[in-house]
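Novice: Respectively, the protein sequence lines represent chains A and B. Okay, so the first sequence: first residue is 27 according to the numbering used here, each after it adds one. Okay, so the second sequence: first residue is 235 according to the numbering used here, each after it adds one.
Read the hints as simulated data drawn from the structure, not as lab findings. Hints may be right or wrong, so weigh each one.
Below are the SDA-like pairs computed for lysine to any residue, each with C-alpha atoms no more than 20 Å apart in a straight line [what the hints assert, rightly or not]:
1) Lys-225(A) / Glu-166(A)
2) Lys-217(A) / Phe-279(B)
3) Lys-171(A) / Met-287(B)
4) Lys-474(B) / Leu-163(A)
5) Lys-187(A) / Phe-293(B)
6) Lys-582(B) / Ala-182(A)
7) Lys-291(B) / Gly-53(A)
8) Lys-413(B) / Tyr-83(A)
9) Lys-218(A) / Asp-242(B)
10) Lys-503(B) / Glu-534(B)
11) Lys-103(A) / Asn-160(A)
12) Lys-556(B) / Thr-511(B)
Output of the computed footprint for chain A on chain B, the stretches with three or more beta carbons under 8 Å from beta carbons of chain A [claimed, not checked]:
13) 282-292
14) 573-583
Glycine included, every Cβ here is placed at the ideal spot set by N, Cα and C.
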Amino acid sequence: MGYFSVLYVLIISRVKTIEQETLLLKGLAVNDTEAIETIYRDNFAAIKSYIIKNNGYTDDALDVFQEAMIVLFEKVKSGSFTLSCQLQTYLYSICRRLWLKKLQKQNRFNPSLETIEEIVPVEDDLEFHEKKNNDFLFMESALAKIGEPCKSLLEAFYLEKKTMPEIAEAFGYTNADNAKTQKYKCLVRLKKIFFAQYKNKD
Amino acid sequence: MEENLLLDAIERYRNGQMDKNEKKFFEELKSNNPEIDELFAEHAFFLAELERMSEQKQFRHNLNEVENKLINEGVISGSKAKGKAKIVYLWNRYRRTISVAAAIACLVSLSTATIISKYSENKKVAVITPLVDHKLNQFEYKLNEIEHKLNDAATTTHSAVKPKFEANFRATGFLVDGKGYLITNAHVVQNAKNLVVENKKGDQFYAEQIYSNSVTDLAILKITDTSFAKVSDLPYTFTKSGAELAEPIFTLGYPREEVVYGEGYLSAKSGYYGDTTSYQISISVNPGNSGGPVIDKNGEVIGIISSKETNADGVVFAIKSKNIYSALKEIKKDKDITIKTPTTNSLKGLDRVKQIKKLEDFVYKVKGN
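Pulled out of the complex, with its shape left as it was, chain A reads as follows (with noise of 0.2 Å):
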């Protein structure tokens, strides 16, 4: 009696309601370490088992997990996420698919491979993630190419949002106009390299 009353409170904890996933998937999207820490905590035991399982480490199932909440960030960020099934099911799915990939990448594909959870079908998420990746490597490399002080002049504005006074101010400007000249000029030399590498890759 005792034994499956413990076992209740378990399962209980582990499940979370609809409720309190949507709530999770909100905290994500806004880049919340909170709820990183939540997924984290509920489902990485039952990749990093599935993963061992299936011929990995531990490190190999950090990776893979690590990817699995881009895939899912990505997913949040876009808007056009419900939540069709538990989050554990959709985690378990996407990790399970970039497993095998990796496995057939490798040549270590192996038909037997076990399922030990229900999945559902995700080729079209990870589709959409390989070219939203793409697209970020682009943008990154984009803008280490620039070099200095352009990215961090560019990084102040568009991201860090500072007025052009106070960027002038820390980058030694003469005046808000001098550094906006300057911030015109990278603009432009950053979307030609981002622009040339994103044409390229068709």
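Dock chain B against the given chain A, drawing on the hints supplied.
Specialist: This is chain B only, laid out in the frame that chain A set:
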């Protein structure tokens, strides 16, 4: 300059910073000029991509933080048995490579270039001032130990590993991937039974070599200690292209118990006897500098210090960074281990003191016996 104003208008429209009239005027302009409409679409897309990249970067950063936190708490960790099994598995896989490497090393060591690790120079140093050297080191070691204890007491987050063995050589290594992969020289770790790496704070971690190539003299180590927390944001990148003659360079290394900075310049594009896989650089280095990074003013790693010519002054050889990429490729192919070199450089444009401050946490002392 016209485009400047136009882009500015697009940004203000996009961010809702226009008043009613301006907004109306801009919308009309846009619908009457397909070119402007196109530019608007392009720029809006570009800005969205830029913002998305930044958000994703922040997200990745948070992921790593959470991961580190949970690893430190012990919530996430490889089960003990699995960890050991992995080491045995790796050892079995590499044993053959290591013995082949050792055989090649015997041949290569016939060359006359002195290797700059404390190991091979031990005897020489010992002949001149054996007692002082030993005492100094011990004294320094004790001091460090006391310092670490104080630090540990203050932070109590690290449980530094104290090696039970006496190290008989010391060299330098640096992180190539924050997951605990370090680069050093093959000659540093050849014949080493136990390896310990130590960061600037004095935290020590056991490591094992997962790759060693005596021809290029490169070795890759993996920190095996579970107390090692993944680090992100390595500040430097590794250049694939060549460096230019006379380019100013600098290095950090451990010729002493304490980290030492040195600077110099690139003096030739080839190394010992015209070896095209390395550079000749002019810099003051000492035994223990082996395996240290050679970095240019923009914070790009152009090489790894490996040896110096015995009979000449300031003639030092550094392995070109290009070789690192081929080493990583081999590791990927042979061992299925993906080591990611850092993609963003945060040293560029900083003054040297700031560069070193950012850099020194990623340069490690490599010790062993």
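Novice: If a hint holds in the structure, say so; if it does not, say that too.
Specialist: Hint check results:
1. Lys-225(A) / Glu-166(A): It holds: about 16 Å lies between the C-alpha atoms, which stays within 20 Å.
2. Lys-217(A) / Phe-279(B): 11 Å, holds
3. Lys-171(A) / Met-287(B): Judged against 20 Å, a Cα distance of about 15 Å means the pair holds.
4. Lys-474(B) / Leu-163(A): 18 Å, holds
5. Lys-187(A) / Phe-293(B): Holds - the C-alpha atoms of Phe-293(B) and Lys-187(A) are around 18 Å apart, at most 20 Å.
6. Lys-582(B) / Ala-182(A): 16 Å, holds
7. Lys-291(B) / Gly-53(A): 17 Å, holds
8. Lys-413(B) / Tyr-83(A): 14 Å, holds
9. Lys-218(A) / Asp-242(B): Holds, because 17 Å separates the two Cα atoms, which is no more than 20 Å.
10. Lys-503(B) / Glu-534(B): 17 Å, holds
11. Lys-103(A) / Asn-160(A): With Cα atoms ~17 Å apart, Lys-103(A) and Asn-160(A) stay inside 20 Å; holds.
12. Lys-556(B) / Thr-511(B): Holds: Lys-556(B) and Thr-511(B) sit about 8 Å apart, inside 20 Å.
13. 282-292: Holds, because 10 residues of the region 282-292 of chain B bring their Cβ atoms closer than 8 Å to Cβ atoms of chain A.
14. 573-583: With 5 residues closer than 8 Å to chain A, the region 573-583 of chain B meets the three-residue bar; holds.
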